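Could you build all of it, start to finish, from the sequences and the hints given here?
Taken in sequence, the protein lines are chains H and X. Taken in order, the first sequence gives residues 1 to 291; the numbers are from this note's numbering. Taken in order, the second sequence gives residues 1 to 313; the numbers are from this note's numbering.
Please note: incorrect hints may appear among the correct ones.
As the list claims (entries may be wrong) - Facing chain H, according to a computed beta carbon distance under 10 angstroms, are these residues of chain X, among others:
#1 28
#2 41
#3 47
#4 55
#5 59
#6 61
#7 120
#8 124
#9 125
#10 134
#11 139
#12 155
#13 157
#14 195
#15 270
#16 282
I should point out that these hints are in silico values taken from the structure, not numbers from a laboratory. The structure displayed is predicted, hence computed values, not measured ones. For glycine and all other residues, C-beta sits at the position ideal for the given N, C-alpha and C.
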Amino acid sequence: MILESKNDRIFKAFTVAIILIITAACLFPFLYIVSVSFSGKNPVMRGEVFLWPVGWDFSAYRTVFNNQSLMLSMRFTILLTIVHTLICVIMTVMCAYPLSKPDLKFKAPILLLILFTMYFSGGMIPNYLNIKQLGLIDTFWVLILPGCLSTYNMILMKSFFQAMPREMEESAFVDGANDAVVLIKIILPLSKAMLATIALFYAVGRWNGFMDALLYINDGDMFTIQLRLRMIIQASQVSTLIEDIPEVKNDVIAETIKAACLVFSMIPIMIVYPWLQKYFVKGVMIGSVKG
Amino acid sequence: MKFNAPMKKRSGSLAVTAAYFRNHWILYGMLVLPIVYYILFHYKPLPGLTIAFKDYNMFLGLGGSPWVGLKYFRQVIHFETFWISVKNMLVLNVLSLALGFPAPIILALFLNELQSKHFKKTVQTIIYLPHFISWVIVGGMMYQVFSTSGLINSTLGRLGIRTVAFLSTGSWWVFTYFIVGIWKNLGWNTIIYLSAMTGIDQEIYEAARVDGCSRFRMMRSITVPCIMDTVVIMLILAIGGIASIGFEQPYVMQNSVVMDVADVVSTYVYRVGLEQANFSIGTAVGFAQSVINFSLVISANFISKRVSGKGIW
Numbered sequence: 001m002i003l004e005s006k007n008d009r010i011f012k013a014f015t016v017a018i019i020l021i022i023t024a025a026c027l028f029p030f031l032y033i034v035s036v037s038f039s040g041k042n043p044v045m046r047g048e049v050f051l052w053p054v055g056w057d058f059s060a061y062r063t064v065f066n067n068q069s070l071m072l073s074m075r076f077t078i079l080l081t082i083v084h085t086l087i088c089v090i091m092t093v094m095c096a097y098p099l100s101k102p103d104l105k106f107k108a109p110i111l112l113l114i115l116f117t118m119y120f121s122g123g124m125i126p127n128y129l130n131i132k133q134l135g136l137i138d139t140f141w142v143l144i145l146p147g148c149l150s151t152y153n154m155i156l157m158k159s160f161f162q163a164m165p166r167e168m169e170e171s172a173f174v175d176g177a178n179d180a181v182v183l184i185k186i187i188l189p190l191s192k193a194m195l196a197t198i199a200l201f202y203a204v205g206r207w208n209g210f211m212d213a214l215l216y217i218n219d220g221d222m223f224t225i226q227l228r229l230r231m232i233i234q235a236s237q238v239s240t241l242i243e244d245i246p247e248v249k250n251d252v253i254a255e256t257i258k259a260a261c262l263v264f265s266m267i268p269i270m271i272v273y274p275w276l277q278k279y280f281v282k283g284v285m286i287g288s289v290k291g
Numbered sequence: 001m002k003f004n005a006p007m008k009k010r011s012g013s014l015a016v017t018a019a020y021f022r023n024h025w026i027l028y029g030m031l032v033l034p035i036v037y038y039i040l041f042h043y044k045p046l047p048g049l050t051i052a053f054k055d056y057n058m059f060l061g062l063g064g065s066p067w068v069g070l071k072y073f074r075q076v077i078h079f080e081t082f083w084i085s086v087k088n089m090l091v092l093n094v095l096s097l098a099l100g101f102p103a104p105i106i107l108a109l110f111l112n113e114l115q116s117k118h119f120k121k122t123v124q125t126i127i128y129l130p131h132f133i134s135w136v137i138v139g140g141m142m143y144q145v146f147s148t149s150g151l152i153n154s155t156l157g158r159l160g161i162r163t164v165a166f167l168s169t170g171s172w173w174v175f176t177y178f179i180v181g182i183w184k185n186l187g188w189n190t191i192i193y194l195s196a197m198t199g200i201d202q203e204i205y206e207a208a209r210v211d212g213c214s215r216f217r218m219m220r221s222i223t224v225p226c227i228m229d230t231v232v233i234m235l236i237l238a239i240g241g242i243a244s245i246g247f248e249q250p251y252v253m254q255n256s257v258v259m260d261v262a263d264v265v266s267t268y269v270y271r272v273g274l275e276q277a278n279f280s281i282g283t284a285v286g287f288a289q290s291v292i293n294f295s296l297v298i299s300a301n302f303i304s305k306r307v308s309g310k311g312i313w
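Below, the structure written as C-alpha cells:
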C-alpha cells in the first residue's frame, strides 16, 4: 500500500466538500417546503422558517385533505397511472417482440415508419386538431392513448429481447410452440426486471406529465394532480381552495397550504422512489450501452 | 446483437415468404395495434401541417379551407414577439449548454473519486431525486425558495443584504432558470458518465499508482481521456437540440412580468396558436421549427458518426 500524499488528501477533501455542498443543495428545497407545510402562518410570514418547522401547525394538511377537488384529482391520477402503465407495457411488448426477430420480413420498413416519428412530429396544433377530430377531448382516453407507446422505451425493450439467447425459444419451436406461447411462457418470465423498468418509466411519465392534460382536458373532474396543482400554485389567492371550510380561511396563509399541496402530491413518488432509482438507473445504462 | 442473427436466406421466392407468414402470423398480429397507434397519433396529424399554408376555418375543415401560400410565414416574420421567443430560446439553450453540460461531467469525476461505497450510494440517492419530481412541483418549489419572501430572500434579509427579485427581473429570472434546470438534472446526467467510467480498466490506475501518480493526475490523464468518447457524443447531441426547447420548464417558470426574456418558441406556439386560436400561425411556427430541428438532429448524428463512429441510430 502506497501512502497517500499530502496533495492527494487535499484533493480528496476538496471533492468531498464539493459533493457535500451539491447534495445539500439538492436536499434543501425539499426540507424547506416540508418545514413550511408544518409551520404556523406567522413564522412563515416573518421568514423564520428554515429547515425545521417553527410553531408546529397541521392546519395546512387539514385543508388539503378536506379539499374535495384535490383528493379527487389524486384518486383519478392514481387510477389513470395504473391503467396507462398496463396498456403501455402491453403495447411496448407487442411492438418490440416481433421487431426483435432478426428474420422478420418487412422489418426495415416498419422500423423506419416508427423511428421517423422520433425525429419529426406534426407539432402542437396539428396534434391538437387530430385529437379533436378523433373526439377524444375531455375523455379519460385522451390521457392514455396518445402516449400509450413510447418509441424510446420500445427500442430499449427490443434491444433487451435481442440480447437474449435464442436457443431456448428455438427448442420450444421444435416442440411445436407458436410465437405467442414462446413470448408468454419463455421470454416474458425472463424479462421481469426489464418490464419493471419500462413500467416505471411509463408510470413516472404519466404521474409527472401535465402538458397533455393542459391541452386536452377542460373538465374539472378529469384534472390530473399536476394540472390541479398548477392551478393552485397559480391562483394568487388561496380562497378557491379553502372555500369548503370557511373557518380556516383566516387562519392559514397561502404559502403553508401551497407547500402542503406540493408535499402531498410528492408522496406517491417518494413511496416508490427506492425502486424507481434502482430500475431507472439500469434503464439509462442499457439505453446508453445501446446508443 | 446483429452477429447473433442467422444468415439471411437468399430465397426471395414467394413460397418461402408465404411459409414464413403462415408460421409467424402471430408476430404480425402483435404489430397491428402498435402500427395503428403510430398511424393514428403520429401520421394522421401530419396532413394538418398544411394549415400553415391555408386560411384555416374550423367549419370548412382541413380540405375545404382555401390555400394562401406563404401568407402566414410572411406575417409571422414581422411579429416582434416571435423573434423575441426565438432569441430567448437560443439564449436559454446556449447558456444552459455552456453551464449545464460540463457540470455533470465534473460531478461524475468527483463521485468517481469517492472510495466509500456507502457514502457514494447515499449521495447518488439524494442527487437523483429532483429528476423524479414533476416540473409543476419544481415550479411550485421555485416560488417558495426564490420569491421575495422565500427561503433565499429571507436568509439574505437576515444577513442584512438587500433582497433580490429573482422572479420578476429579467436577468435574475434567466439566472434562476439555469439554477433550477441544473438542480433538476445535474445528478441524473452524471449516470451516463459514471457508467462510462465503470468500463475503464482498473489496471491502468494500478500502474499509475505504482508510478507515484497523484489522484488528481490520474483523473486528468486516465479518467477524462477514457470518457471522452461519451462526452463528444453527448455534446454533439446537445448541440443538435439547440433549436428545440421543452415546454414544461419555461411554462411553469414564466410570469407576465418577465415574458420578454421567458417566452420561448414552444410557449409562443401554445399561447398564440392555441390560446388565441391562431391555428395557422401556430402551425407555421411549429412547422418551421420542426424542419430546422430535424435537419440539426440529422446533421448532429452524421457528425457524431464521423467523429466517433457512433450515432443514435
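Cross-check of the supplied hints:
{"no.": "1", "hint": "28", "result": "holds, 7 angstroms"}
{"no.": "2", "hint": "41", "result": "holds, 5 angstroms"}
{"no.": "3", "hint": "47", "result": "holds, 8 angstroms"}
{"no.": "4", "hint": "55", "result": "violated, 15 angstroms"}
{"no.": "5", "hint": "59", "result": "violated, 13 angstroms"}
{"no.": "6", "hint": "61", "result": "holds, 9 angstroms"}
{"no.": "7", "hint": "120", "result": "holds, 9 angstroms"}
{"no.": "8", "hint": "124", "result": "holds, 8 angstroms"}
{"no.": "9", "hint": "125", "result": "holds, 6 angstroms"}
{"no.": "10", "hint": "134", "result": "holds, 4 angstroms"}
{"no.": "11", "hint": "139", "result": "holds, 7 angstroms"}
{"no.": "12", "hint": "155", "result": "holds, 8 angstroms"}
{"no.": "13", "hint": "157", "result": "holds, 6 angstroms"}
{"no.": "14", "hint": "195", "result": "holds, 5 angstroms"}
{"no.": "15", "hint": "270", "result": "holds, 6 angstroms"}
{"no.": "16", "hint": "282", "result": "holds, 5 angstroms"}
Hint compliance for this structure: hints 4 and 5 are broken, all remaining hints hold.
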